[in-house]
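K.L.:
Assembling the complex is the task here: the two chains are given apart, and the hints tell you how they should meet.
Protein chains in written order, with my numbering: chain R, 14 to 298; chain S, 271 to 550.
Please note: incorrect hints may appear among the correct ones.
Distance windows between CB atoms, simulated [said to hold, decoys possible]:
id : chain 1 : residue 1 : chain 2 : residue 2 : range
1  : S       : A511      : R       : P212      : 43 to 49 Å
2  : S       : R339      : R       : P212      : 37 to 43 Å
3  : S       : H396      : R       : P113      : 47 to 53 Å
4  : S       : T291      : R       : V139      : 37 to 43 Å
5  : R       : W128      : S       : R353      : 19 to 25 Å
Part of the chain S face toward chain R, derived, beta carbon under 8 Å [as the list claims (entries may be wrong)]:
id : residue
6  : R357
7  : L390
8  : A392
9  : L394
Here chain S is said to cover these stretches of chain R; the calculated rule only asks that three of the stretch's residues, wherever they fall, bring their Cβ under 8 Å from a Cβ of chain S [said to hold, decoys possible]:
id : segment
10 : 183–194
11 : 200–210
None of these hints come from the bench; they were simulated from the model.
Every residue gets a Cβ at the ideal spot worked out from N, C-alpha and C, and that includes glycine.
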Amino acid sequence: MTAIEIAAAPGSRLLHLSRRSPAALVGATILAIILLAAALAPLIAPYDPIAQDVAGRLAPPSTAHWLGTDGFGRDIVSRLIYGTRPTLLIISLVALIMAPLGTAIGIVSGYYGGWVDRVLMRLTDVVMSFPRLILAFAFVAVLGPGLLNAALALALTSWPAYARQARVETQTMRRSDYLAGAEMLGIRGPRLLFGHVLPMVLPLVVVRVALDLAGMVLIAAGLGFLGLGVRPPTAEWGTMVADGTSVIFDDWWVAASPGVCILIASLSFNLLADGLRDLLDPRRG
Amino acid sequence: MAEPLLDVANLTVSFPRDDGTWFDAVKDISLSLGTERVALVGESGSGKTMTARAIMGLVPNPGRVAADRLALDGTDLLALSPRGWARLRGARVGLVLQDPRFALNPLITVGRQVEEPLLLHAHLSHHERRERVLAMLEAVGLPDPRTVHGLYPGELSGGMGQRVMIAATLIAGPQLLIADEPTSALDEALRRQILELLTRLVADQHMGLLLISHDLQQVADFTDRTLVMYRGAIVDAQASAALARSPHPYTHTLWTCRPSAATFGTRLPTLDRAAIEAAT
Numbered sequence: 014m015t016a017i018e019i020a021a022a023p024g025s026r027l028l029h030l031s032r033r034s035p036a037a038l039v040g041a042t043i044l045a046i047i048l049l050a051a052a053l054a055p056l057i058a059p060y061d062p063i064a065q066d067v068a069g070r071l072a073p074p075s076t077a078h079w080l081g082t083d084g085f086g087r088d089i090v091s092r093l094i095y096g097t098r099p100t101l102l103i104i105s106l107v108a109l110i111m112a113p114l115g116t117a118i119g120i121v122s123g124y125y126g127g128w129v130d131r132v133l134m135r136l137t138d139v140v141m142s143f144p145r146l147i148l149a150f151a152f153v154a155v156l157g158p159g160l161l162n163a164a165l166a167l168a169l170t171s172w173p174a175y176a177r178q179a180r181v182e183t184q185t186m187r188r189s190d191y192l193a194g195a196e197m198l199g200i201r202g203p204r205l206l207f208g209h210v211l212p213m214v215l216p217l218v219v220v221r222v223a224l225d226l227a228g229m230v231l232i233a234a235g236l237g238f239l240g241l242g243v244r245p246p247t248a249e250w251g252t253m254v255a256d257g258t259s260v261i262f263d264d265w266w267v268a269a270s271p272g273v274c275i276l277i278a279s280l281s282f283n284l285l286a287d288g289l290r291d292l293l294d295p296r297r298g
Numbered sequence: 271m272a273e274p275l276l277d278v279a280n281l282t283v284s285f286p287r288d289d290g291t292w293f294d295a296v297k298d299i300s301l302s303l304g305t306e307r308v309a310l311v312g313e314s315g316s317g318k319t320m321t322a323r324a325i326m327g328l329v330p331n332p333g334r335v336a337a338d339r340l341a342l343d344g345t346d347l348l349a350l351s352p353r354g355w356a357r358l359r360g361a362r363v364g365l366v367l368q369d370p371r372f373a374l375n376p377l378i379t380v381g382r383q384v385e386e387p388l389l390l391h392a393h394l395s396h397h398e399r400r401e402r403v404l405a406m407l408e409a410v411g412l413p414d415p416r417t418v419h420g421l422y423p424g425e426l427s428g429g430m431g432q433r434v435m436i437a438a439t440l441i442a443g444p445q446l447l448i449a450d451e452p453t454s455a456l457d458e459a460l461r462r463q464i465l466e467l468l469t470r471l472v473a474d475q476h477m478g479l480l481l482i483s484h485d486l487q488q489v490a491d492f493t494d495r496t497l498v499m500y501r502g503a504i505v506d507a508q509a510s511a512a513l514a515r516s517p518h519p520y521t522h523t524l525w526t527c528r529p530s531a532a533t534f535g536t537r538l539p540t541l542d543r544a545a546i547e548a549a550t
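Chain S on its own, in the form it takes in the complex (with noise of 0.2 Å):
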């Protein structure tokens, strides 16, 4: 790919440790992406979420962005101003959050969470907007769109908050989707049918894909490739497919720590972290 669709060159977020110095929350992280789906796994803390949110441009006060690139499709974000943020979230760049009972606001009904993206970002009359919001939402396969359409987020079901965060991320038809694993506050039925709806929709609208997750079996099953973060750094890079197989001890630890029928009765791995530093 000659232009990546997102391009990170040495990434670092830091913030500010009460005796002045600063602690790096995210390491001098390197990745490109194009039209592709590429997941970001690792344990808590390790900086998956403040990687994401540094890509939106949302790294909460007092935290630090340094980078020696840091572009999308060619625009630098390193050189944005709020407004010129403002126009690029929602529009170009989409972020879906972990848990939808949280996630959207309780007083304002689905379709006008929905719509608001297209407000800011399209110019479109009320009834163009309107039929384009009940379509999106028929997407997301939520049942009866013009129900959904007038209901407040607390008299709908997980699954379907989950598809109106979706429906509300990609209705202003952004370029790259970020899922800061939007699977996490759903049961194990639901996970597949989400994360089914997040890969069909992305191939359709030839969006880029970042998946952060913890979940290896998830992230092989849905993603082409992935990239292991530990404290911070990026310590391995495999294709999705390959990650039973990868040869570095973390990646390894993460894939062979996970209960399953066959492990049961004996003792899970755990991290041996000397070893892992030595290996990075």
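Chain R with its partners taken away, still in its complex shape (with noise of 0.2 Å):
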């Protein structure tokens, strides 16, 4: 029933989740605040993020530059501000392509079964059966680095997981009487499946969604890193990382600083993604 009360009641969200999971409180919060960063960036960002200052490099922490600036002479803090859009932006669009994507394939092929579910299925192994982060290079070494290519690969190689949990549940229910009595009354197709499916298979969608929000964060990080991702000079806390690499050992809070970043990002969608699953979750009611 909670679910139930939550979708009839959103503006209650907020207090049922502080009562009944407070880290989920905590993580929701987190992610509030990386938000707001992102949509304020211009205004609460002490100094432009791409403005070079060679004179005052690689200066340590002080109460100029809180954060110090790294090899360009760029304030760690306004970057690490603005490296809040792209990594949103790309966890956005991987979550909006990946869940849906799963979902409706994983709902037909659970409900129709037979043949359609058959080369479903196996069109989802053979794609879970390739290392994430490998198809993902593969897919930005093919179609160019940039941040739509970074969200379209991990979009592409990670909706496997979203396919196999609906397809699970859908069968579950496919017998159902419920089912069967919207079938007695003339509802079937695309209505059938995503007016009367849908809505039981989506908590566990939305929870999955937040759980692997955190492992995106890490690995949308990592293309940047690698240099995958969004191109110099943008700021993005990957590529800020990899920046800070090569001063680690004298100058640590270059590659310190948006790698906690990237923890604290990631962290928030975990905690939120237990709180989410406790809420949601049908069999804990």
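P.N.:
Below is the structure:
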């Protein structure tokens, strides 16, 4: 019933979350801060993130530059704030592509069964058998580096888990009376699948997206680190870590501060996912 | 009646056995039904539900349906495409399922579930649909339709759930209503209420009713004619009021095997299957 209450009263969602899972509230708060930082970046960033100052390069943390400057004399705090943008853009694009794609394939496969199921599931197996990061590299290598290509690469390699999950859930309810009842009222095709089956599958999809996004933050940063994501001089956390590695023993803050940001962002998604699972899992009611 | 509403001739529903032969769940059934109340009774596994499913075109795979004639108000059901079946179900023939706890989607509100057949089968404005839904909820005897409209099935009692099922089945105005043991999940007091409601609505809307049941007393009280099924075939047909006097041994046993105050302390009769085989 909890899922229903939430759908019925979105205003009380935060209240629920805080009462039932404090960790999730912490995750949601950090995420809200990251979102705000991305939205208000030009207003709150103290410096231009790509303005170079060769005289002040690799300055240690000070009152002028809270987290110091990087190898080009750029303010690291400003770059971290602007760096939220590509990260959030990549993971939201990935979420928007992979979850609907995987869920749709899973529902169709689970509901119709037979040869439809066999074809779709073998396709899923094929994609699943590739290591995700390697396949993403291959995609980016073919399509060229860039934000959109990175997101596409991640999305097209991560949908199989959703397909599997949606398929299993659909199969368990395929013989249920209420789907038979819906059929007896003349409901069929997409209307049945997405009007009647999807609401049952959705809660676990939401939890899985939140869990997956934690990993997506890391993979997006990994692509950036390897120079396959956003192109310089645009600020991006993974690229910033890569920039800092050459001077890590003398000027640790250049690599450490984006690294901590990646950690915190990933952690916040994890905390949020745990809370959502408690809240939305039908078995925990 | 010149043209019966439902006309079934030699309907057979069969399922494959593991050894490749076919098992007939329903064998050569013929029945015709006009604007009247007909009951289909029999023990578990006698093929009542499969007959209903065949009329709805919902025999599960790998079942096979064959008939010389299967027609609803002049439409040949044997020649229907999946799309044609979908247009028929809900709009011209409706089926009320056994247990409302499982037959309503738990994540969709009552209002939407009752409204959906209208979306599919009628062209009405949002406002008109809402009016029709509220009127229908009222007609099936639900108190405070406006509140019920926004509830989820989990928030209803069994009797309310069955009323919602009936509302959803009847809202698009079908000509034939099939009720597959509509009261077996309800308690005794509710059974009469629900059946009185069903028979009243059927009379009001000039529908045909095919009531599937194993409760002979119920059938005798609420229907005009009774067909008795045994092992996939119709073995006896009686006016419902005359069920108690049926000469057929199977019907006779079904009627007399019901426990009552008069039979308290005595052994109830059991089926003499040899005698039935001889009679059929």
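K.L.:
All hints, please: hold or fail.
P.N.:
Right, here's what the structure says about each hint:
| no. | hint | in the structure |
| --- | --- | --- |
| 1 | A511/S x P212/R: 43 to 49 Å | 47 Å, holds |
| 2 | R339/S x P212/R: 37 to 43 Å | 40 Å, holds |
| 3 | H396/S x P113/R: 47 to 53 Å | 27 Å, violated |
| 4 | T291/S x V139/R: 37 to 43 Å | 40 Å, holds |
| 5 | W128/R x R353/S: 19 to 25 Å | 21 Å, holds |
| 6 | R357 | 7 Å, holds |
| 7 | L390 | 5 Å, holds |
| 8 | A392 | 11 Å, violated |
| 9 | L394 | 16 Å, violated |
| 10 | 183–194 | holds (count 6) |
| 11 | 200–210 | holds (count 6) |
The structure fails to meet hints 3, 8 and 9 from the earlier list, while all remaining hints are met.
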